[in-house]
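Hey, can you work out the whole structure from these sequences and the hints?
Number of protein chains: 2
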Amino acid sequence: MRANYKKRLGLLLISGLLLFLFCTWSPGTSSGVDIQPRQWGQIQKLLEGKIQDTTSGYHDIAYHIKNDVACHLAQNTCVCRADEETFHLPFSDLLVSRVWAHNIELAFLESHPDPRGVKRHRAQEYSRFQKRSYNPADVLIVAEANNPLQYPTQGVEVRPLKTIIIPGLGLKEETGSSHTVYLTATLGTFDVAATVDRVSIKGEGEKHMILSSPLLSALNRQLQFVTYTNTVFHPKTADTVQFSTDVHQSFFTIKVGHGTIPKLYNSGYQREYNISALVTIATKTFLRYDKLKDLIDSIRQYYPTVTIVIADDNEHPQSVTGPHIDHYIMPFGKGWFAGRNLAVSQVTTKYVLWVDDDFIFTANTKVERMVDILEKTTLDLVGGAVREVTGYTVTFRHTISVEEGGEEGDCLHIRNGYHHVIEGFPNCVVADAVINFFLGRTDKVQQAGFNPRLARHGHLEFFIDALGSLHVGSCSDVIVSHASKIILPWSKTDSQKAYEKFRYSSSSADSDVHKEDFYFKNRFKCMTSH
Amino acid sequence: MRANYKKRLGLLLISGLLLFLFCTWSPGTSSGVDIQPRQWGQIQKLLEGKIQDTTSGYHDIAYHIKNDVACHLAQNTCVCRADEETFHLPFSDLLVSRVWAHNIELAFLESHPDPRGVKRHRAQEYSRFQKRSYNPADVLIVAEANNPLQYPTQGVEVRPLKTIIIPGLGLKEETGSSHTVYLTATLGTFDVAATVDRVSIKGEGEKHMILSSPLLSALNRQLQFVTYTNTVFHPKTADTVQFSTDVHQSFFTIKVGHGTIPKLYNSGYQREYNISALVTIATKTFLRYDKLKDLIDSIRQYYPTVTIVIADDNEHPQSVTGPHIDHYIMPFGKGWFAGRNLAVSQVTTKYVLWVDDDFIFTANTKVERMVDILEKTTLDLVGGAVREVTGYTVTFRHTISVEEGGEEGDCLHIRNGYHHVIEGFPNCVVADAVINFFLGRTDKVQQAGFNPRLARHGHLEFFIDALGSLHVGSCSDVIVSHASKIILPWSKTDSQKAYEKFRYSSSSADSDVHKEDFYFKNRFKCMTSH
Numbered sequence: 000m001r002a003n004y005k006k007r008l009g010l011l012l013i014s015g016l017l018l019f020l021f022c023t024w025s026p027g028t029s030s031g032v033d034i035q036p037r038q039w040g041q042i043q044k045l046l047e048g049k050i051q052d053t054t055s056g057y058h059d060i061a062y063h064i065k066n067d068v069a070c071h072l073a074q075n076t077c078v079c080r081a082d083e084e085t086f087h088l089p090f091s092d093l094l095v096s097r098v099w100a101h102n103i104e105l106a107f108l109e110s111h112p113d114p115r116g117v118k119r120h121r122a123q124e125y126s127r128f129q130k131r132s133y134n135p136a137d138v139l140i141v142a143e144a145n146n147p148l149q150y151p152t153q154g155v156e157v158r159p160l161k162t163i164i165i166p167g168l169g170l171k172e173e174t175g176s177s178h179t180v181y182l183t184a185t186l187g188t189f190d191v192a193a194t195v196d197r198v199s200i201k202g203e204g205e206k207h208m209i210l211s212s213p214l215l216s217a218l219n220r221q222l223q224f225v226t227y228t229n230t231v232f233h234p235k236t237a238d239t240v241q242f243s244t245d246v247h248q249s250f251f252t253i254k255v256g257h258g259t260i261p262k263l264y265n266s267g268y269q270r271e272y273n274i275s276a277l278v279t280i281a282t283k284t285f286l287r288y289d290k291l292k293d294l295i296d297s298i299r300q301y302y303p304t305v306t307i308v309i310a311d312d313n314e315h316p317q318s319v320t321g322p323h324i325d326h327y328i329m330p331f332g333k334g335w336f337a338g339r340n341l342a343v344s345q346v347t348t349k350y351v352l353w354v355d356d357d358f359i360f361t362a363n364t365k366v367e368r369m370v371d372i373l374e375k376t377t378l379d380l381v382g383g384a385v386r387e388v389t390g391y392t393v394t395f396r397h398t399i400s401v402e403e404g405g406e407e408g409d410c411l412h413i414r415n416g417y418h419h420v421i422e423g424f425p426n427c428v429v430a431d432a433v434i435n436f437f438l439g440r441t442d443k444v445q446q447a448g449f450n451p452r453l454a455r456h457g458h459l460e461f462f463i464d465a466l467g468s469l470h471v472g473s474c475s476d477v478i479v480s481h482a483s484k485i486i487l488p489w490s491k492t493d494s495q496k497a498y499e500k501f502r503y504s505s506s507s508a509d510s511d512v513h514k515e516d517f518y519f520k521n522r523f524k525c526m527t528s529h
Numbered sequence: 000m001r002a003n004y005k006k007r008l009g010l011l012l013i014s015g016l017l018l019f020l021f022c023t024w025s026p027g028t029s030s031g032v033d034i035q036p037r038q039w040g041q042i043q044k045l046l047e048g049k050i051q052d053t054t055s056g057y058h059d060i061a062y063h064i065k066n067d068v069a070c071h072l073a074q075n076t077c078v079c080r081a082d083e084e085t086f087h088l089p090f091s092d093l094l095v096s097r098v099w100a101h102n103i104e105l106a107f108l109e110s111h112p113d114p115r116g117v118k119r120h121r122a123q124e125y126s127r128f129q130k131r132s133y134n135p136a137d138v139l140i141v142a143e144a145n146n147p148l149q150y151p152t153q154g155v156e157v158r159p160l161k162t163i164i165i166p167g168l169g170l171k172e173e174t175g176s177s178h179t180v181y182l183t184a185t186l187g188t189f190d191v192a193a194t195v196d197r198v199s200i201k202g203e204g205e206k207h208m209i210l211s212s213p214l215l216s217a218l219n220r221q222l223q224f225v226t227y228t229n230t231v232f233h234p235k236t237a238d239t240v241q242f243s244t245d246v247h248q249s250f251f252t253i254k255v256g257h258g259t260i261p262k263l264y265n266s267g268y269q270r271e272y273n274i275s276a277l278v279t280i281a282t283k284t285f286l287r288y289d290k291l292k293d294l295i296d297s298i299r300q301y302y303p304t305v306t307i308v309i310a311d312d313n314e315h316p317q318s319v320t321g322p323h324i325d326h327y328i329m330p331f332g333k334g335w336f337a338g339r340n341l342a343v344s345q346v347t348t349k350y351v352l353w354v355d356d357d358f359i360f361t362a363n364t365k366v367e368r369m370v371d372i373l374e375k376t377t378l379d380l381v382g383g384a385v386r387e388v389t390g391y392t393v394t395f396r397h398t399i400s401v402e403e404g405g406e407e408g409d410c411l412h413i414r415n416g417y418h419h420v421i422e423g424f425p426n427c428v429v430a431d432a433v434i435n436f437f438l439g440r441t442d443k444v445q446q447a448g449f450n451p452r453l454a455r456h457g458h459l460e461f462f463i464d465a466l467g468s469l470h471v472g473s474c475s476d477v478i479v480s481h482a483s484k485i486i487l488p489w490s491k492t493d494s495q496k497a498y499e500k501f502r503y504s505s506s507s508a509d510s511d512v513h514k515e516d517f518y519f520k521n522r523f524k525c526m527t528s529h
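Residue numbers (numbering that gives the first Met the number 0), protein chains in the order written: chain P, 0 to 529; chain L, 0 to 529.
There may be inaccurate statements among the hints.
Since copy identity is lost for identical chains, a pair holds within one copy or between any two.
[Claimed, not checked] In silico PhoX-like cross-links for lysine-lysine, where the CA-CA straight-line distance does not exceed 20 angstroms:
| # | residue 1 | residue 2 |
| --- | --- | --- |
| 1 | 161 | 65 |
| 2 | 254 | 235 |
| 3 | 365 | 171 |
| 4 | 254 | 5 |
Quick caveat, the hints were computed from the structure, so don't treat them as lab data.
Laid out in structure tokens, this is it:
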């Protein structure tokens, strides 16, 4: 009896152990998945061929170029030259803001010890970047005319490894003895959520499924229940699906991705804007503690409890204290954009207000107005105006565009001005870059980021890096004052002299960083600006 | 003569002044553009109606639900409960990792002074977020069957305010006496880059253009030259275009946007990986200067010149010096994620290696292996393994998914495990979250960001915020050692005791922040995990 009992206990323990191992075995696919960056799959090649067929033809029919339209088409090989001036007057350079072309490629390569090597390296890095960024949802697809297939052309999404019903599938051909459709995918499988009589299905749960029926209406009813399950995990990609009959083909994309998890800020819900709950003021300081103190005192007159974040890279940092002040000490001379990136990285409120350490808040510095426009429009960032001691107010509005340039790089175009006035906000416009006094959505400004390599100066670089991701505005009626720049030489303080010496001394190293970032990091060959 | 001369001079000056004003007048549209967040335009309403027509019908045909497929379809109202266990054994909780369901909504609202108010506020913020994120390129479009129109269904892009030729337009109907097509847009205008004889065009340069011809081939040749010009500026949106005949309609989207400016890193091009040029090591330290010193010494054994960035929020910061060390002082107790966000904000190399301040590098800590996998695959971040003093090695691999939940919020599911092995890298897998020892692409890690509100603890929150934007991997063969956690009570140092007291003391304020972030910021109602 005892031996039996021991045997049974032994078996029970072994089964328990096996069960334990089975249940705790980490779920995951054991066969490897290739995640090298790639561009062309089987279906894509098929697609490419079909597009060539559909978009060519009619070569025998003559045409007459319409120059005023054709001249606006991108050449894909931008040329580095300023716009031609339409007239030349004496002193025209003084009267008209002339546009200059800066050949970035030349400026960077001529001073580089190995121009061919760095050119090749940049091409390699860009090629990798393109392959990593490649998304099948961006590829050109042309819908064939007179196609009896009905299918979704956009808007179909599935979360990774989940299942959806594909909406809108149908076949509208002439009724006959038999109707058949084929579905093929690469990153997932097909199935049906319900079955319909008189429809035969082959390949349920596989990447290739065939449905057929003698009854067209039954097949169409069945097509309302076709499902797609993503089986090859990827956090953000797309699967190109081929949906066809024996004669016709169609292609559409199913986006595969986790979806965007929102970042909402709980800032209270009073009737009036609670600036302390909504806004953090951020600044960078260097060698100007006196000006910084003036700034803080002026802020406290109007916003006594708003948090002020200060990034400080002085060689001998002084203490900056007070309620709602967060003072961060950086290694000496780390620089302007490193300080900006640091300060912004610490903000926990919905909005961040960037100010320079030599600004002075006045009764016209109504942050509420800036909050109002960001609350009510799609803007991500709104600049204000900075009033110099002369009374002149600067908004520094610029538009920025990038023109494709082929292998040598793209062309960056920067112009003074703005795109349009904002309806409902008559003193506000939309632009691409604004002055260094702005309110921004914290999450969007953090995502855009300030390149910490830019130590001594930099401004438009932030807006260039943010191009396409920030919707930028500018309001001329929110004004901050600039502590005077016009100081007579004999009245400069020691700290003023030290600051100017550090900041404005010509540094070829600093200029090299800018050239390198434009040439290599952003891949520009040319910049035109005023 | 003098009077005449004065008159002419006067006129010349006035003309010059007018000319000056004309040429320097900032270009921009003076009529306001409405940039309030909105969802439905005229064309979208038309589209919605058509989709309803195409996707309904056949209601009289019966179907039989296929349960094993239908059960996987998202309900859009996730329920907050753990997966049902299929068996119950004694001590099963010990044998099997049980899944728990945490009702985030309940936990947060029951301790909130104004649950209805905060619920309403969250709904309001979410609604604004949805309207701001709305993109016409995500709306469902279904291609009509047997449509004589040929048109592009995806892949058409234009830079803001620029012009492109729309590829793939065509009409393939039976030849007749007259053929007419209509084009309508909202954010741009149509024109032709070339004209073709016998085709009449009405509305060139306008939002609505009509082309017609008695010759079908001539019309098709003309359609090869149709251009679209974006006229309403927006940095990132899409225009839904309607392309139709008198009988048939089609809809497609033209994406309008600046395009992505690359962020390429110039890290040299030697045969072997130059870790100092490619990688910056980042860490946060608090009350453990002794361990930090051990970490630095161990790093220097293998990587003598790699830059180490240290974020330090000690109350009484000590000096941490040495070549290639950047030491940042934060306000006291700012916390864990604020420190992580700070450290990462300062990195200028292509990759950033996150380490805790109590790690020890050994001969198995081959950063080159991590660089290799990021150079060769689409991964954005790869975790390693941390070896405890017991010899046990932890990779902390987790998968994360989000299930839609309707108005109350979504459900977050976290499980131990990974998705699949990586081909070519047998010790590496793809997951959604990994351990606190990882190498990441600096620009992608900076964009994901560490929420600076999380002061005492936090880990998975980074990966949750990054869900969908980071491709995450984990390799078990790159190992760092963890300075012992198993310390006998009588041998703890004073700093050890102080650290544990600070970090592990129960703080309801800290826990409140986590609850609030899950409920409000990320809009979850439930979390299930092991």
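A quick look at each hint next to the structure:
1. 161 with 65: For residue 161 and residue 65, the Cα distance is within 20 angstroms only across copies (16 angstroms; inside one copy 50 angstroms).
2. 254 with 235: both (8 angstroms within a copy, 19 angstroms between copies)
3. 365 with 171: Result: close neither inside a copy nor across copies, 62 angstroms intra and 60 angstroms inter.
4. 254 with 5: neither (57 angstroms within a copy, 73 angstroms between copies)
Checked against the numbered hints listed earlier, the structure breaks hints 3 and 4; every other hint is satisfied.
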